[in-house]
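K.L.:
Protein chains in written order, with this note's numbering: chain V, 16 to 129; chain E, 521 to 634.
FYI, nobody ran anything at the bench for these hints, they're computed from the structure.
Result set (DSSO-like, lysine-lysine): computed pairs, CA atoms no more than 30 Å apart in a straight line: (1) E:Lys525 - E:Lys562; (2) V:Lys59 - E:Lys578; (3) V:Lys30 - V:Lys56; (4) V:Lys69 - E:Lys562; (5) V:Lys56 - E:Lys525; (6) E:Lys525 - E:Lys588; (7) E:Lys562 - V:Lys66; (8) V:Lys56 - E:Lys578; (9) V:Lys93 - V:Lys69; (10) V:Lys69 - V:Lys59; (11) V:Lys59 - E:Lys588; (12) E:Lys577 - V:Lys59; (13) V:Lys30 - E:Lys562; (14) E:Lys578 - E:Lys535; (15) V:Lys93 - V:Lys30; (16) E:Lys562 - V:Lys93; (17) E:Lys562 - V:Lys59; (18) V:Lys56 - E:Lys591; (19) V:Lys59 - E:Lys591.
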Amino acid sequence: EAGVTQFPSHSVIEKGQTVTLRCDPISGHDNLYWYRRVMGKEIKFLLHFVKESKQDESGMPNNRFLAERTGGTYSTLKVQPAELEDSGVYFCASSQQTRNTEAFFGQGTRLTVV
Amino acid sequence: QQQVKQSPQSLIVQKGGIPIINCAYENTAFDYFPWYQQFPGKGPALLIAIRPDVSEKKEGRFTISFNKSAKQFSLHIMDSQPGDSATYFCAASRTDNYGQNFVFGPGTRLSVLP
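Bound-form chain V, shown alone:
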């Protein structure tokens, strides 16, 4: 069974440009999460989808970040326009919608804004 996959693995963009990150969760997982780790600090929660609905987006830094999950399958996270402080590793995770369930993480997308 395929795990959580993220594209691209690395992205280097200039300040002011737009970048879109993609996450394909494990098939059948209704929960999808986005997290970010900046400069060796803690991994911080960004938002949580249940199927196609945003359950919690309290961690989104500002309105330059837009997440979507069309049809409750894959998800995209768009940063527009990108700023230097957006650099970091963006992780996606998915889990089944049951109690005591494990969240599986993708390998992450390393975003560098120059």
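Since chain V is already given, all that's left is putting chain E on it; use the hints.
P.N.:
Below, chain E without anything else, positioned relative to chain V:
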């Protein structure tokens, strides 16, 4: 109240040693405490997890000790091996009907010397 503190930041032990990583939390509503292991270029992977109704959980060489009154928990790695060299994150979450949004510690980089 959402913060999870983790120490030490880095740890070096000899093969066969017992590294111990400590975490502390504030939010008493947290009811799930996982430890994630991350190798370079990979996403975090669940290592072991505990709920506050038990004080200790052991899986293979990995043990979580949990102190509910002190709001602390720790990871012990018995007979550590060079292959255990990785970054370890503790986390906490409050399980609801939809899923688990984790609050992570900043991570501990463990090096096990041969």
